[in-house]
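Student: Given only the sequences and the hints, what does the whole structure look like? Please build it.
Chains as they are written, first to last, in this note's numbering: chain A, 1 to 420; chain B, 1 to 434.
Derived from the structure by calculation, the hints contain no laboratory data.
Treat the hints loosely; a few may be bogus.
Said to hold, decoys possible - Once the Cα atoms are required to be at most 20 angstroms apart in a straight line, the calculated EDC-like pairs of lysine to aspartate or glutamate come out as:
hint	chain 1	residue 1	chain 2	residue 2
1	A	Lys-136	B	Glu-292
2	B	Lys-140	A	Glu-251
3	A	Lys-21	B	Asp-15
4	A	Lys-101	B	Asp-15
5	A	Lys-21	B	Asp-12
6	A	Lys-54	B	Asp-15
7	B	Lys-8	B	Asp-393
8	A	Lys-136	B	Glu-79
9	A	Lys-21	B	Glu-33
10	B	Lys-140	B	Asp-222
11	A	Lys-136	B	Glu-302
12	A	Lys-101	B	Glu-241
13	A	Lys-324	B	Glu-137
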Amino acid sequence: MVYTEKIGGNISFSWADFRYKRERLVIELNCQLDRDTMTGISLLSYILSSATAKYDNLVSLSRYLDNLYGASLYVSSSRYGNKMIIHFDTDNVAGEYLTEKDIGIRTAELLCDVITNPYLIGRGFPDSTIEIEKEKLREEISFLINNKEAYCTRMLLQRFFAGSVRSLPDLGFVEDLPSINGENLYSLYLDCLKNCNINIFYCGSDLKRVRDIVANTIRTHGLGSVPQTFDSSPVRLPKEPVNGEEAIGTEQDIFSIVYHTGRIPDPAELASLKVANSILGGMSTSRLFMNVRERQGLCYSCVSNRMTSGGGGILIESSTSPEKFVRNRDSIMEEFGALASEGPSEEELRQAKLSISNSLRGISDTVAGVSSHYLSSINGVGRYIEPERELSLIESVSAEDVKGILSEMRYCGIYRLHDE
Amino acid sequence: MSKIDIKKVASDILDGKYYSHTAPGGLSVYVYEMPDKSSVSAQLAVGYGSSMVHVTDRNGSRVKLPAGTAHFLEHKLFERNGEDAFTLFAELGSSSNAYTTFNRTTFVYRSGSEYEQPLRILLDFFKKPLFTAQGVEKEKQIISDEIRMYLDDPGWIASFNLFRGLYRNIGINEDIAGSLDSIRNINMDILSDCFDSFYRPENMALTIAGDVEHERIFDIADSFSPQISPVPRYVLASAEEPSGIFETEASEQMTVSLPLFDIGFKESAYSRFSEIKNDLLMDMILDLTAGESTEFFRSMYEQNLINDSFGSGFYSGDEYLCTYFEGDSLYPGKVRDFLLERISELKRTGFDPELFDERVRTSVGSYISIFDNPGSVAGSLMSCHFKKTTLYDIIQLVGDPDIEEANELLRACFDPGSCCLSVVLPNSSGEKQQ
Chain A
1 MVYTEKIGGN ISFSWADFRY KRERLVIELN CQLDRDTMTG ISLLSYILSS ATAKYDNLVS
61 LSRYLDNLYG ASLYVSSSRY GNKMIIHFDT DNVAGEYLTE KDIGIRTAEL LCDVITNPYL
121 IGRGFPDSTI EIEKEKLREE ISFLINNKEA YCTRMLLQRF FAGSVRSLPD LGFVEDLPSI
181 NGENLYSLYL DCLKNCNINI FYCGSDLKRV RDIVANTIRT HGLGSVPQTF DSSPVRLPKE
241 PVNGEEAIGT EQDIFSIVYH TGRIPDPAEL ASLKVANSIL GGMSTSRLFM NVRERQGLCY
301 SCVSNRMTSG GGGILIESST SPEKFVRNRD SIMEEFGALA SEGPSEEELR QAKLSISNSL
361 RGISDTVAGV SSHYLSSING VGRYIEPERE LSLIESVSAE DVKGILSEMR YCGIYRLHDE
Chain B
1 MSKIDIKKVA SDILDGKYYS HTAPGGLSVY VYEMPDKSSV SAQLAVGYGS SMVHVTDRNG
61 SRVKLPAGTA HFLEHKLFER NGEDAFTLFA ELGSSSNAYT TFNRTTFVYR SGSEYEQPLR
121 ILLDFFKKPL FTAQGVEKEK QIISDEIRMY LDDPGWIASF NLFRGLYRNI GINEDIAGSL
181 DSIRNINMDI LSDCFDSFYR PENMALTIAG DVEHERIFDI ADSFSPQISP VPRYVLASAE
241 EPSGIFETEA SEQMTVSLPL FDIGFKESAY SRFSEIKNDL LMDMILDLTA GESTEFFRSM
301 YEQNLINDSF GSGFYSGDEY LCTYFEGDSL YPGKVRDFLL ERISELKRTG FDPELFDERV
361 RTSVGSYISI FDNPGSVAGS LMSCHFKKTT LYDIIQLVGD PDIEEANELL RACFDPGSCC
421 LSVVLPNSSG EKQQ
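Tutor: Pasting the structure below:
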């Protein structure tokens, strides 16, 4: 069960019943996604996770985390719709199992320090650190090519979302890096802290003290003045499929295909989409797995995924040897077409619903499961949908609903990597 | 049903307990009751993995099995006499998977509260499947695509080039799935003989964790009595690995943005410590040598010789211990040289006691974390079975390691003469991306 209360202004603090051996505190700053600031925001996650005013370098910070029995500190940036999220989280063993009972409190204090007391020199982040981390970000941006499947999908989505902020690359632009320095990056960070909205989630054994620490930090520093919003604007579908290809010397032909409704689904549609995706290519008995891989032997890997931050879409990823590419691609598209026009069998529907329901029930088994479900719900549909409510929505999905959501989707393009 | 050999292992510190029992056929069964969990995780593993390619047959002759046989068998076992095991599990709302490592083949499922039927399906892996020539040929196509998929993974390529540089005979020098050539030599007879030889209850274990009752599980496990071939066709043989390494450097070009490297050491197989103690100490040694809490890491990071991808680990089996450091860097050779200097210095000075104590705390935290998740518990029980220890015995080892023992192990490892650097360099397509 997740509970929520206001801790000032527009800021909500949510927490879950605690019955775990690990505790978790997550604070997400939701900023406006913008071409001009996204590279800086990406860089912030590197800078903020490397030092605080008190632990002014990576080693002293890491050693403090070791002292907290291997507590983890994680800072990252990611995009969701029109938002750029700076995600901070800590995870630590509950004090109940240790001789030092205040580990959770010390970890929460550290997280607040990471956010509000970064290591500064003069009026900005140290320029020496900025230069080091700029190089790391530059490498990270270009590193995408190493993961061919992710690269292929990224290239497809860049074309699919062309003209909207959703087409922006995840980590920003190499060409923005030279103009970033310690002072202007800190100024951007202060701006983010003020002009963001904040989601906080805690699951641990010392609710009152942790809530007080977080609330006090937010009040003192005047964080998060912007009300919560959710971008439900439609996705503009391309007039023609956005097909592309690239010869990068791969052993296999690796490709991604996108289908989309052009809308952001509401919670009931999202349930239909989840069931549809499971039947199509989201589970080990899916049509793509059983028909394309197992029966026809056209590939080893063939899966579909629901688009989590791009509305009502399905992405299909597969790879196969070059001589089988055409048959593999055509077979995948035939499977999609058949499911969209005929709908699933009752048995397929039952299995998909059972599988999703069991996963939803398993969410409460780990603190990581509870927190990621909470945050993906908030970021994905703009409000928290309890697993129990989601279960009932899943349960009510019919074969017609699956057929309906898939037949509403348009084929929007394919991107392929190959040898020559 | 009462079973006189049921052992209960409990921990007051963690407020937990589990039960173990050996089924009549010889299968070891471990059950961790977690009444507050909604999911159930189970694993059935056999002590037969991809590195085990050297065997002797009934005549005592040495035979080398085709690389990829264990993995091929894993694929074929998921197809139960024409029925796909994935479907059988999915009909019950359970998710399932299987994977092959160097030393083991593991079949897993995750279910909700209905765990008994999936367990029966899992135990069916005991029973010998019907291999057909047609089925084997069809599987070769799928596995060929899997092998090609790994050939596009630069991290995978860097690792296996490293293993080939270090080892000549031990099977970790070949891809887990084999090669396009080696799988051509796999046939029904080989699969059948390997099943008979290695899928024997005494070479297998079942672990299960979640809201389960141990007595129900022991009853189900006892009711399965596989037909076992009285004399196995094959018995594992020593790889007779020569000492020394075969390449000090290996490189390959692929479409990558930055060179990837693996710096590995061919270590002597286990020392005077137990396997589990060696593993725990090795984890600490690797972190204390080049982990994020060391000045060495900071210095390398700040000189832009390494980035966040830098990490370390080790692979171990009865006949091998391979330690490695890996990451991405424009200057992999410099990383190796600085690393060797760092190790040489540490061998002289030993580890800093303060850093050592801090690292112990991290181990304690990691150990406790296992017990939040049925999947982690089932996996850890399995590791403990194959390392011949109990899950709670580790508490003592984790909480009270000896720095002198860590120093002793450090000095026995990381010989510069046993070091190989494997690099994947950018080709022209990769350079364009930079």
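Student: Against this structure, judge whether each hint is valid.
Tutor: Outcome of the hint check:
With a CA separation close to 15 angstroms, the supplied pair Lys-136/A and Glu-292/B stays within the 20 angstroms bound. Proximity of Lys-140/B to Glu-251/A is assessed by CA-CA distance (about 17 angstroms); at most 20 angstroms being required, the pair is judged to hold. Between Lys-21/A and Asp-15/B the alpha-carbon distance is near 11 angstroms, which keeps this suggested pair within the 20 angstroms criterion. The hinted pair formed by Lys-101/A and Asp-15/B meets the criterion: a straight-line CA distance of about 17 angstroms does not exceed 20 angstroms.
Between Lys-21/A and Asp-12/B the alpha-carbon distance is near 14 angstroms, which keeps this suggested pair within the 20 angstroms criterion. Distance check on the hinted pair: Lys-54/A and Asp-15/B sit about 36 angstroms apart at the alpha-carbon level, beyond 20 angstroms; violated. Restraint check: the Cα-Cα separation between Lys-8/B and Asp-393/B comes to about 13 angstroms, which is no more than 20 angstroms; the hinted pair holds. In summary, the hint linking Lys-136/A to Glu-79/B is not supported, as the alpha carbons are separated by about 45 angstroms, beyond the 20 angstroms threshold.
At most 20 angstroms may separate the alpha-carbon atoms for a hinted pair to count; Lys-21/A and Glu-33/B meet this at roughly 16 angstroms. Pair hint Lys-140/B plus Asp-222/B does not hold up; C-alpha atoms about 35 angstroms apart against a cutoff of 20 angstroms. For the suggested pair Lys-136/A and Glu-302/B, the alpha carbons sit about 10 angstroms apart, so the restraint of at most 20 angstroms is met. Between the alpha carbons of Lys-101/A and Glu-241/B the distance comes to roughly 50 angstroms, so the proposed pair goes past 20 angstroms and is violated.
Among the hinted pairs, Lys-324/A with Glu-137/B is consistent with the structure: their alpha-carbon atoms are about 17 angstroms apart, no more than 20 angstroms.
Violated hints for the displayed structure, listed by number in ascending order: 6, 8, 10 and 12.
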